[in-house]
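Participant: The primary structure of each chain is shown beneath.
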Amino acid sequence: MQNELRQTCRRLLEEGTVQVVIGYGDGTDGQTFPTFVTRRDDVERLVWNERCYTNLATYLTRPEILALGKAAICVKACDERALVVLEKESQIDRSQLVVIGLACSTDGVKQPKCEACENRTPRWANVTIGDAAGETAKTTADRYAALQAFMQKTPDERMAYWKTELARCVKCYACRQVCPLCYCRQCIADKNRPVVISTSATLKGSFAWQITRAFHLGGRCIGCDECTRVCPAGIDLRLLNLSLARAAEENFNFRAGVDVEAEPIVGAYSERDREEFIR
Amino acid sequence: MSETITRGALLQRVSVWIGGGKSVIGPRQVKPANGSGQEVPVQYGRVASAEELLLSGDTRPANSLKEFFFPRHEKLYGYQFKGRQIELTDTEQPSTEQIIVGGRPCDAAALPVLDHLFNWDYRDETFNRRRELTTIVTIACRSFDSHCFCTSVGSSPVDARGSDVLLLAVDAERYEVRFVTEKGRRLLNGATTTANENATEPAAPPKRFEMEQLKEFLAGGYERPEWKTTTLRCLGCGACAYTCPTCHCFDIVDEGNAAGGLRARNWDACQFGLFTLHASGHNPRHNQAERQRQRIHHKFQIYPDKFGETLCTGCGNCTRNCPVGLGVLSVVEAIAAAPRENQSQK
Amino acid sequence: MDIGYYPGCALHGSSNDYGSSVRACLNALGARLCELDDWICCGATAAHSLNHMLALALPSRNLAIAERQGYEELLAPCPMCSMELLKARCALTASSDLREKVSEIVELEVQGKTRVLNLIQILQKIGLDAIKQRAVRTLKEFRPACYYGCLLTRPADTVQFDDCEQPSSMETILCALGAEPVQWNYKTECCGAGMTMADGPTTLELSHKILSNAVAHGANCMVVACPMCHVNLDMKQADIDREYDCRHDLAVYYLSDLVGLALGLDEKSLGIDRHFVVKR
Amino acid sequence: MSEQQPFEPKIVAYVCNWCTYLGADLAGTNRLEYPANVRIIRLPCTGRIDFNLIIKAFEMGADAVLVSGCHPGDCHYTAGNFHARRRWILFRQLLETMGIDTRRVHFSWISAAEGKKFQQFVTEITETARALGPYQAYREICQAE
Amino acid sequence: MSRIGIFICWCGENIARNVDVERAAAEVADLPGVVCSVAYKYMCSDPGQSLMRQKIVSERLTGVVVASCSPHMHLRTFRKAAAMAGLNPYLVEMANIREHCSWVHHDRQQATTKAVELIRMSVAKVRANAALQPISIPITRRALVIGGGVAGIQAALDIADSGREVVLVEREPSIGGKMAGLSETFPTLDCSQCILTPRMVDVGQHPNIRLYTYSEVEGVEGYVGNFKVTVRKKARYVDMDACTGCGQCWNACPSKKNLSEFDYQMGNRTAIYVPFPQAVPARPVIDRDACLHFLKGKCGICAKKCAANAVKFDDQDEVITEEVGAIVVATGFKLYSIDRDQASSKLAGYGEYGYGQYPDVVDALQFERIVSASGPTGGEIRRPSDGQQPKSVVFISCVGSRDNAKGISYCSKICCMYTAKHTMLYKHKVHDGQAHVFYMDIRSGGKNYDEFVRRAIEQDGAHYHRGRVSKITQENGKLIVRGVDTLVGEPLTIEADLVVLASAMQPAGGATELAQKLNVGYDEFGFLSESHPKLRPVETNAAGVFVCGACQGPKDIPESVAQASAAAGKVLVMFSNEQLSREPEVARINETNCAACFACVRACPYNAIERAEVRDRKGQLVKRTARVNPGLCMGCGTCVAICPSKSADLEGFTEQQVYAMVESLV
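Chains as they are written, first to last, in the working numbering: chain A, 1 to 279; chain B, 1 to 346; chain C, 1 to 280; chain D, 1 to 145; chain E, 1 to 666.
Chain A on its own, in the form it takes in the complex:
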């Protein structure tokens, strides 16, 4: 597969179809890191293995990368959902992008999210490399298992949990920067007129920040879990994302990025939305 990937990218660069390939390169200790190949002879730097965690879609909205020219991007089936959302939100022009789908082996990329993986082969890629026998037999319950377990706690226990967890948040914003869907030019967390979210890394500031981050991803988060993976404080942000994803699925029968036809639920409404909680 790795060879096929390199050949494909070589061809794309040779033909001038794209000016840059956004892919994975080899790092130390078998780690991989995002790499940007602009010359066809550098395609040998590209790798594909079970440690290719990063969701590269996050680079599609970055000026440094956009400046490199028309891009081809490597995506796994899970990452690919970000492209659907980005396109719906007018952030990318699919016709100006070559998507190289990478089918995962049965083990995926050995991340917690792979446990509930439903689909290992990208569906909307221009080129798909490898074939991982399509869908896996995962259910809605699998998707939300971690959340389900967490919600067994009482509200007070949940609050106590977040107090301990968010006490470690230093507001390095790695969660925000790595997120393919946090592409605002100026984050509301960085605004100070008015101070909507305290910029301090205090509990108050961290609660306000994480509530905002999660809610702004409500109905948008595609569950790549990059925020959780990169958090240097080991805060399980995934739980917040899952809770909104489940709310979107249960209430609006919507899952971000799984259906290219479905219109976003943010900025839309139905006259039949439920309202039993409204007096």
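In case anyone wonders, no lab produced these hints; they're calculated from the structure. Heads up, some of the hints might be wrong.
[Unchecked claim] With a straight-line Cα cutoff of 20 angstroms, these simulated EDC-like cross-link-like pairs (lysine to aspartate or glutamate) come out:
1) K413/E / E451/E
2) K31/B / D156/A
3) K163/A / E96/D
4) K75/B / E290/B
5) K228/B / D42/A
[Claimed, not checked] From the structure, some residues in chain E lie toward chain C, with a derived Cβ separation under 10 angstroms:
6) K346
7) L347
8) A348
9) Y350
10) G351
11) Y353
12) G354
13) Y355
14) T473
15) Q474
Positions of the beta carbon are idealized from the N, C-alpha and C atoms, including for glycine.
Given chain A's structure and the hints, the job is docking chains B, C, D and E onto it.
Facilitator: Then chains B, C, D and E, alone, in the frame of chain A:
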């Protein structure tokens, strides 16, 4: 002949300190694994009991020791509106004695480097007060990983700089004790025994780059393309700066409401796009390459020029915590090894 | 082709002629009818007037059996049966709570997955071309009035079959076999159905109107796909003639009878010999 | 407030200009008395009311927050309340997951004609908040350094 | 630094009884930025207002808080007063210490405390207020009327008579609409054409009306006051200017057996035709699908006969752009057809009435033509199948209407009346005939309406049966109508010669597509939505677009005409100024920060936000951004809440103002 201390004796001392109301800080697992598969990080933090401490000499906490001297959020003073007047209230100076047990030598080594900054044109009372209140017991690193590069910046796993006491593991139960300061000697007074056992010097990580080459590059390579090519993947978060033992940039913010509020000092990081944004809207550092270049220059040229010290101890936290595996080491390695013939190109 | 088969009480009892006809006809077309094990009453008219849950549980149990036996499709030639089964199926698929509740009552897991088909739908499934291919004779001499009765197309939302008010599916099949169905007005009127027991005169009146209209539009026979209709129009025809002092003399066939005849089956094996009105 | 005085909950109400604000006006016109704890903040439409405002209210020490606007179909701007309702559905789930006390966050539709409903509902949430006591958990979050 | 003045009103005893206004004034006097704080007995009175004006001048105030009643009561008053004193009116805020405080809290201590807090909140807000200027939008004082039925005609004439130009677009070859085809009208039984055609002529000759018939609105751009409308003039193959309407062509046309649209397929017309003799314009059009020249490439008799040389076989569609400031939609209705095939799967046809397979089952508009003196039978009542005079006619009400099973739940409103009219017209022409009506309810509210129905029953002897028809069959040339009379409680069968269906009114074809182009809402049936059912009945939520007639809902002629005049009135109100002045409390986008996700564009109920591009001086694209059109924004603020980066903000209720209010609640 050397002083030794048993693990038991050390932990017993720790229990006494905790019992005496002192703040004991050391590496510990931040939480039990919750079964989500997420890695549970080790961080320095205040421990409630001696057993929490991880003292093998193999741990590399995800944070650094700087936050116990230079916290991420520090109230400078408070203010209240009283009618048409504004009343200011000073913050209380810290008074709790801190004992750091099991710090890494590279983390401790950062503190004397930071002393310059906090005692330069302005003497920072709070920082100095905390330095005085703190005694630091480090453990020499028994192992290193691929991100460690202390030897490249002139340090080593047994570097005692910044420590009051340096421990070297003899075996799982005993440490050789090297007292560095009187403060350290007082701390463990009576807990050590003299024995005829010396710990073996732990293996040091290989040297990854030559400081001279790096300096040469920094001196002439401001416009070199490597800045861009090596840092393209930088996402612009603050994970490197916030887990770095030496990074010390901060922002001053006012937080308050109609009744009053406080002025605080919050950590800031040079990789944030807004770090250098002027009120006019102009931003002198346009992209991540320029921000990364600033970071390396600051650590290896500006700070040394100003204070005669490298602003890096080679701990490797920046790379370890980087979402995309970037860090001081990967940038510096690349530029130090860059072909010289390009050097003259601007 | 194996098809799950739910005969219902009528095809085993008073209308066993229909049972014979369906079996013989479909066998000749290469479809094997596999009767459900241990099927029970569909509930018919009685259950839903007594107890809503009973009316749901009875057909549901039959659906459960069909699911357990692995039938994706189930033939219920009696429209009452197929309507009851379909009603249950709709209710079950709409609510998981109900599925759980009913499963508990009938002591069998039931999902409502099995599709329920009437006789005409089975023939459509086999396909006009396939039927025509196997036909050995033409039905040219038949000018039937195709009679759908009240249930085959109703309730429209539940059965979702043909045009509720202006059905034409039987005509299509019979035309293909050479018959010349007549256009008439009473295709979906009520024959009186089960009222035949409770209110004989009304049933006779209703059925009389149907027969009269068919004759008036030139029919020389009538085709039905419902055992109850057959009872009222065939068995009761003598009573109608007596009551209204007329002589309709209109043979009433099941759809499977005429298709069977075209396929070359004899009247005996199709059960036509058990009808009351004999073709002139 | 001295310690002897009974606990008086602080209640922040974000209401739309065209229905609930007028409903509160009507309660006044009809002299319908209710507890004095509520502080109404007038916004044009529930569509304008962002979730951050709810959090901000808690940061300011609110013991309960009310968000109220026009009944579905009555929105002065045709659809602002529908957008708001959709956001609330999601936001409530997030509050649950964070363990934030949803008994302290109230949503309602109160029309310009429902002065009585405004009175009753405000009285009810005030009493609920009184019974729950101060929202200590969030105050602790805001005071932690 | 702000210089805020606080003015606390006693409202006589209304506020002062429960709020210690003097104490409140003292307590808020020291708030940051406050330079004066006074209490006065009646702030809204002349002396109260002049006190405020004096203070604004003497204290050089930069902001004012009036603590008194509801802003719904007096915000406008106080803002006007401030403006008179030279302070921007949007620097005035109110604290509602009456409705929200003194009237509802009887504990003086508590009420005073709350009043102080409410004032503090308003002070916090007003410190963040900005001086706003009303938005003025230049307007093109010309109107577009879409639809040339009676409503469109009325609206066009009203606007044109006031001296403003009107563009009237009608998609049929002639204006006149449904009314032109009616026989006589209820409740007066005056001839429909006699009252309508003079108005049609007025339209045709009006110097201020530009009439486009056989034309359709293709696109609408712009916004209130500044619409750019593209109209497609379909090829007519006749030179409108050259043609004299002499009729030589259609009299000579050999293609004569084409079903007449005007007669609802019950009569014939030629291939080159005018739909009816009184058509406006009285110029023919060639039906390409029927013309032998187009079908076979030969003929051309009309061209030869035409002395004016007006036949142009090479005529092409023409697209015209018109600039207008207001649009009146009057696209009218059509009748529900009982056919099997319906526009939406929700609407089921009527199989029991034979899906239109019996020629003698006709709908009400067809019957109008049968009765009409200008109709295919020349006014004699003859049924379509064999031309016989029907001796028994069954009229069925509510065909489609009020029938959820067929997908239409509403009442079509006019059927009860015209059915009564039909029975009368029938009886007047067929004296020995019998009319039967099956109805559900008789709804005859209106001036002289119920009397009219009574006349049909009592004088003209129509048999009214309360019940539905279950089936229509055909036997021996008769229609057998089986139904029930629920008042008698028995089934009923009538042998009829003709059945007339009072089919439901539906919006005319293409109405929803047009509504989408105009950004006007419509209901599940396709009727256009008015802005407010009671108080803004002819406005829509698209500013500058008005509705009248049956496109908005079923209605009869007088109502359509009244609504048309109302819409024209609204247009003229708009046109009474050269500029449109709008409240400046609208949204704005920080275009530098906007990430161009366009969630606001999706959410905006008024389509007031557009996708825009920021370009540098050389025309290079710098970035994309959302942009508010202040001409369309109504200021709801939905965009603010939905914008994750808060690049959207709402003047008058900015983030800064709202957070200042919350943060004052200490």
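Participant: Take the hints in turn and mark each one as holding or not.
Facilitator: Consistency of the hints with the structure:
no. : hint            : in the structure
1   : K413/E / E451/E : holds (17 angstroms)
2   : K31/B / D156/A  : holds (18 angstroms)
3   : K163/A / E96/D  : holds (14 angstroms)
4   : K75/B / E290/B  : violated (31 angstroms)
5   : K228/B / D42/A  : holds (16 angstroms)
6   : K346            : violated (12 angstroms)
7   : L347            : violated (14 angstroms)
8   : A348            : holds (8 angstroms)
9   : Y350            : holds (8 angstroms)
10  : G351            : holds (2 angstroms)
11  : Y353            : holds (9 angstroms)
12  : G354            : holds (8 angstroms)
13  : Y355            : holds (6 angstroms)
14  : T473            : holds (4 angstroms)
15  : Q474            : holds (7 angstroms)
Consistency with the previously given hints fails for numbers 4, 6 and 7, ordered from lowest to highest.
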